[in-house]
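**Q** Here's the letter readout for the chains.
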Amino acid sequence: MLASASAAAKAPEPDSVVAALCESVDRFCARHVRAQEIDAAGRIPLVVIEGLAALGVFGATLPAEHGGGDLGLVGAAELIETLARHDRSVATTVGLHLGLGTRALVEHGSAEQHARYLPSLASGETIAAFATTEPAAGSDLSAIGTTLTEEGDLLRLRGQKAFVTNGGLACLFTVAARTKTSAGAAATTLVLVERGDKGVVQLGEERKLGLRGSSTTGFVFEDVALPRERVLGALGSGQAQLDRVLAWGRLLMSAGCVGTAQAALDRALRYTAERRQFGKRLDEQPVVRMLTDGMRARVAAMRAMVRAAAATDGETLARLSASAKVFCSESAWRVGDTALQLHGGSGYIEDTGLALLLRDARVTRIFEGANEVLLTQLGLLELSQRTTFAERTAGAVHELARRVEAHRQRLHEEQGVRVVRDKLALYRLGQAVILRDAALAAERTADPDLARAFANDALRDAVLHLGEWP
Amino acid sequence: MIRAELEGKVLSLISQLSTLKAHELRREQRLREDLGMDSVSSMELLSMVAEELDLDISVEDAAGITTVGGTLELVAQHYERSA
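Keeping their order, the protein sequence lines are chains A and B.
Under the numbering used here, the first residue of the first sequence is numbered 10, with each subsequent residue one higher.
Under the numbering used here, the first residue of the second sequence is numbered 3, with each subsequent residue one higher.
I should point out that these hints are in silico values taken from the structure, not numbers from a laboratory.
Some hints here could point you the wrong way.
Derived DEER-like restraints, expressed as beta-carbon distance ranges [claimed, not checked]:
id, chain 1, residue 1, chain 2, residue 2, range
1, B, S43, A, R165, 22 to 32 Å
2, A, E121, B, D63, 36 to 46 Å
3, B, A6, A, S393, 24 to 34 Å
4, B, S60, A, T158, 32 to 42 Å
5, A, R401, B, I4, 49 to 59 Å
6, B, M3, A, H421, 18 to 28 Å
7, A, V26, B, E54, 53 to 63 Å
8, A, Q45, B, A24, 57 to 67 Å
9, B, S43, A, V210, 25 to 35 Å
10, B, A24, A, G476, 13 to 23 Å
The beta carbon of each residue, even a glycine, is placed where N, CA and C say it ideally should be.
For reference, chain A alone in the conformation it holds in the complex (with noise of 0.2 Å):
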C-alpha cells in the first residue's frame, strides 16, 4: 500500500503543536547542547541524542500510527531551524533522518515496510541516511554508477557511495541506484538497505572544515543480495521520488540557515549593544547600523522564503525549495560572514563562536546540489513559467519581478529553445530568480519595513547579475 496524500500536503499543524515542540527542544539545547564541545570531539554526546529522541524530535515528521508526530513540512522547517541555532551538527543530523533519510520510506514504503522500521525510527533507536553521492557522481545524479540488478528472486546491490550524512550512526539507509527501465534503459531506484546486510561496508569518518558532529562516511555495496521486498516503490520509480525528498531535505537544510543566520545575527546585536569605539556604542554607528539592518532583514526574508516553499507542495515545492537553499546557503554564509566582521579581531576567534558558525555553514553551499547547479536549473524552470509575478507586486518586488520577466521573455525571443545550452544565461536568470523568489516571500509574511529594505537590496543585485544597469 503506498502512503496517501504527502504530509506537506495536509493542513499544516497547529501552531501550538509546532511550538511546544519546538520550546521544549530550546529548552533543553539550551541546557545540554554544547556546539564548540561537540565540534572539538567529532560527535554529538549520547545524552543530546537520547534527549532529543525522548522529547520525539526523531519522529516529528513520521506517521503517528507508528510512532511519530506527523508533522509536516511548516512544523519540521521551525523544529530544524530551532536547533540550528544550538548546534548545527545537530540539526543536520536530525535535518538528514527526517528529510531525505526517512521521507521516501515515508512517502513510498508498504504497509509492511512502515511496520519494520517506522516504529524504532520514529523512538530515534534507529537513525536514517540517504546514499547517492558517489565518487564520480556528486549533482549530477544522472552519473550515478551503484546498480541494481535482478537476479532470481533477489536483486543484487554494487557500487560505492560518498559523504553519506549520519553514515556512522544510521543503521537504515535510502540508496540510489541504477535499474533498468522496461525499455532498457537506465533509470533510478531507490532501495532501503540495513546496515547488517552481507555486503555493506562502511569507510572511515571523513574530517571536514565543519559539521564536524555531524557523521560523514562513505559505503562500498559488494553484491549485497536484497530482497524485492526492499524496493521503495516500483523499480526504476526512483527518479520522481527524488525530486519530492530532494524538496524536503533542501527545505530542511534551508531551516537550518536560517537558524544558523539568527544565531549570528543575535550575537552581533549583543556585541553591538556592549562594545564601545570612537567614543559610542557600536549599534549607535551609522555604518553598524546600516550592517546590521541588512542582517534582519535578509534573516527574515529567509524565514519568510522558507515558510512560503513549505507551505506548497508538488512542482511548486519542488522549484522553492530549490530557490530557499540556494538563497538560504548563501544568506547564512553572508550574515555570518557579516556578524564575524563586526566583531573585530574577537571574530576570527573561535571562542566567539561565530569562527564554527561559518564552517559549519559553508557545505551548505555545496551538498544536497552545489548553488551554482541549482542556479542554472532554476533559470531553466523560469523560462517555462506562466506565471506573471509583477502584477501583483508593488514598490522595489514589482519592478524586481518585472525585470526578470522582461529577461526571460528576451532570452525567449532571441534563443528559443536554444537557450537550453547556454547556461551562463541560465545561471544568471537563476540568481535573480531567488531575489525575486525572496523578495516576494517576504512581501507576503515579514515585517514590512524589513520585507522593504530587503526588496531594496535584491533588486539592486538582481541588476548586477541580469547585467543591466536601472
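With chain A's structure known, arrange chain B on it following the hints.
**A** Using the frame of chain A, we list chain B on its own:
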C-alpha cells in the same frame, strides 16, 4: 532531407542522452519514465535538435514533449515550416 533521414538524425541525438541505441528507440517510449531522462535532459534534447538542424523551436513547445514520437513530430513540423 527526407523524413526518414530527419528521424534518423533525431533518434541519434536522443540516444546520446539515453542509454539506448538509436535502433532500440520506439515512438511510444516516454522520455522520462522509459528512457530515464529528467526534465532538464529532455529540454536539452530539444535544444540539441534545434541547434543541429538549425530550427527555431520555442521553450513552450519543447516543454510539452514527453515521448520519442512527440519529439519526432515536433521536429518534422518545424523542419517543414523552415524548408
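**Q** Are the hints correct? Go through all of them and say.
**A** Okay, the hints, checked on the actual structure:
At roughly 27 Å, the beta-carbon separation of S43 of chain B and R165 of chain A lies within the given 22 to 32 Å, and the hint holds. For the hinted restraint 36 to 46 Å between E121 of chain A and D63 of chain B, the CB-CB distance of approximately 45 Å keeps it satisfied. A beta carbon spacing of about 32 Å between A6 of chain B and S393 of chain A agrees with the range 24 to 34 Å that was offered as a hint. A hinted range of 32 to 42 Å holds for the C-beta pair S60 of chain B and T158 of chain A, which are about 41 Å apart.
At roughly 50 Å, the beta carbons of R401 of chain A and I4 of chain B sit within the given window of 49 to 59 Å. At roughly 27 Å, the beta carbons of M3 of chain B and H421 of chain A sit within the given window of 18 to 28 Å. At about 56 Å, the CB distance of V26 of chain A to E54 of chain B agrees with the hint of 53 to 63 Å. Hint check: Q45 of chain A to A24 of chain B, Cβ distance near 59 Å, so the stated range 57 to 67 Å holds.
For S43 of chain B and V210 of chain A, the Cβ-Cβ distance of about 32 Å falls inside the hinted range of 25 to 35 Å, so the restraint holds. Distance hint check for A24 of chain B and G476 of chain A: the Cβ-Cβ separation is about 40 Å, which falls outside the suggested range of 13 to 23 Å.
The structure shown violates just one earlier hint, number 10.
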